[in-house]
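The listed protein sequences correspond, in order, to chains A and B.
Residue 282 in my numbering sits at position 300 of the first sequence; the count goes up by one each step and never skips.
Residue 328 in my numbering sits at position 137 of the second sequence; the count goes up by one each step and never skips.
Keep in mind the hints are simulated off the structure, nothing from the lab.
Treat the hints with caution; some may be incorrect.
Straight-line Cα separation of at most 27 Å, BS3-like style, residue types lysine-lysine; simulated pairs [what the hints assert, rightly or not]:
hint : chain 1 : residue 1 : chain 2 : residue 2
1    : B       : K244      : A       : K22
2    : A       : K197      : A       : K78
3    : A       : K197      : A       : K260
4    : B       : K218      : A       : K197
5    : B       : K218      : B       : K305
6    : A       : K260      : B       : K256
7    : B       : K323      : B       : K244
8    : B       : K244      : B       : K299
9    : B       : K256      : B       : K244
10   : A       : K260      : B       : K245
11   : A       : K22       : A       : K78
12   : B       : K245      : B       : K299
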Amino acid sequence: MTSVFAYEVSPRQATAFEGGRVSATPQLQAALDQVFDRSKVASAPVVTLQVDTSGSTRSHPIRGAAMDLGFSAGSLEPIALSLATRLAGAMDNRSKPSLLMVSVHDGPSATVRRVVLWTFPQQEVFSLRVSRGTANLVLMEAFSRESSLRKIALLEGPNTSTGMLTARVLDFQVTSADRSVADLWITKFLDARLQMSSVEGTHVLAQALRAAHNKTRDDARSQDQITAAIAALRVAANIRTSLSQVASTFLSGRAADAFLASTPAEAQAAVFDIDQDKFDQLVQYRRFTLESGVVVSAPFDELRDGGAVQVSEENGQRRLRVEGGIEDEQVRTRV
Amino acid sequence: MSNGDFGAAYDAREPLLEALRATLELKANSALEGVRHIDRLVFRVKERDSFVKKATKVNDDGTPKYANPMVELEDQVAGRVITFFRDDIPIVRERLEAWFGAVEHEVKEPAGPKEFDYESDHYVFVISEHDKPAGWSGIGDMPTTFEFQVRTLFMHAWAEPQHDLGYKTPGGVELDSETRRELAWVAASAWGADRTLNQVALRLNAFNEVH
């Protein structure tokens, strides 16, 4: 670690920031290494910085700052301070004050630098002090290294046009249902986009569900899980997820294995927004409740022309016809 | 690095580049699913000799143009889509930009209204982590980006023979004025045909269907 800076940052802060360059002591290095390793930043999801595409400079406030921090010979403090200003602007009043740390490191080779941006939220802690047999409990505020609200961004690369175009990001709130919370770190501060776009992610999700469905045709429990997953994903609003998260939330055993089997590990972890319209189009799952109370769940291919389920309109009313051999029958209590 | 070293280094990565090529071609096809008037979409891995030639380029002062061409050369894997009509290009742009992360986009066109020459949309996109084949991280200095072009059939018909004729490269063939005039006429004709065909397509409602 060649240099490190720390600032206390409050939402929309307009006053001067407390902080500056700090000593890169072995203890600090060890503490940050511990946070880095425990957070598995090295294998965290990757985002692409939304650089200015109009020219060859690929300018971007975070990229520019990281490049200057890594390679510039001049004073680094103003650059680190600009990041504090940017973070304050990105936060809203629901955010707690945070500690912003910026650390600069040598990279894996002589031409590569690594810049890590860390935020640790402020939390109230108790400090017990005992003096001459008298115990005193002091309420303090401290920045928590282990908080689930901590965020990290790792940029690494050479000082070339292809360097530091992406970042590995740790943000436990990225899948929050509150989009403004989910977007704080990646969208508002880093000005980046999830590498797996909504369109691609939805495609991959639909393909994985179809593959899982096809592989588990002989397993009623797995089929039920997959059907329930599709039904839930179809109606969830503003959902941001990953294949790993879908598997852990909705599936288990054979269903989960079949769902993840065809997708590489990096793609399983990639976070994306589900495009609901596209999902409906790709999954083509339909569940019909008839006037008689009969429920028909029609998977994928059976709704096409010539499929087992035929939906038509007669005298202004939609009607359904289905015919096929019974493979399995279960007695269920309908609640 | 010597030419031989660059060549050997490129040979070592060629299988990974080929795997990436296949993945990106699949992904680009998915991105453009349902888009009409696509003549073809192709990805290729840069040929070894072409890579070495570019990697060893020098500036006017004799210094290497690229500090680390193994990373800096962004067309090691490159793709191109060719559309029927000019008005298809914005549709293709929108789809590609939604799918891939662009870091550079340039519309290459003649400098002035009296000139007719090369036209093409040039993109540089980031190679997403989940598109990289297994083993990619094990080789140092792999590219982080790929190039992509969007053209119409007529833009392509004008652009492709230029490479082969080689007159634009330093040390290439010197052209007499008659030849330059003929080439200008070809470029203008391609532009005119492209534009007219697009107008006909508009008149015949070729773009009315939802993509």
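Now the hints, each set against the structure:
Simply put, B/K244 and A/K22 have alpha-carbon atoms about 40 Å apart, too far for the 27 Å limit, and the pair is violated. Restraint check: the Cα-Cα separation between A/K197 and A/K78 comes to about 47 Å, which exceeds 27 Å; the hinted pair is violated. About 23 Å separates the Cα atoms of A/K197 and A/K260, which keeps this hinted pair within 27 Å; it holds. For the given pair, B/K218 sits about 24 Å from A/K197 by alpha-carbon distance, which is consistent with the 27 Å threshold.
Restraint check: the Cα-Cα separation between B/K218 and B/K305 comes to about 39 Å, which exceeds 27 Å; the hinted pair is violated. Simply put, A/K260 and B/K256 have alpha-carbon atoms about 45 Å apart, too far for the 27 Å limit, and the pair is violated. Among the hinted pairs, B/K323 with B/K244 is consistent with the structure: their alpha-carbon atoms are about 25 Å apart, no more than 27 Å. Of the pairs offered as hints, the one joining B/K244 and B/K299 holds, with about 24 Å between alpha carbons and a cut-off of 27 Å not exceeded.
For the proposed pair B/K256 and B/K244, the alpha carbon gap of about 11 Å is at most 27 Å, so the pair holds. Restraint check: the Cα-Cα separation between A/K260 and B/K245 comes to about 42 Å, which exceeds 27 Å; the hinted pair is violated. Of the pairs offered as hints, the one joining A/K22 and A/K78 holds, with about 24 Å between alpha carbons and a cut-off of 27 Å not exceeded. This hinted pair checks out: B/K245 and B/K299 have alpha carbons roughly 21 Å apart, not beyond 27 Å.
The structure shown violates the earlier hints numbered 1, 2, 5, 6, 10.
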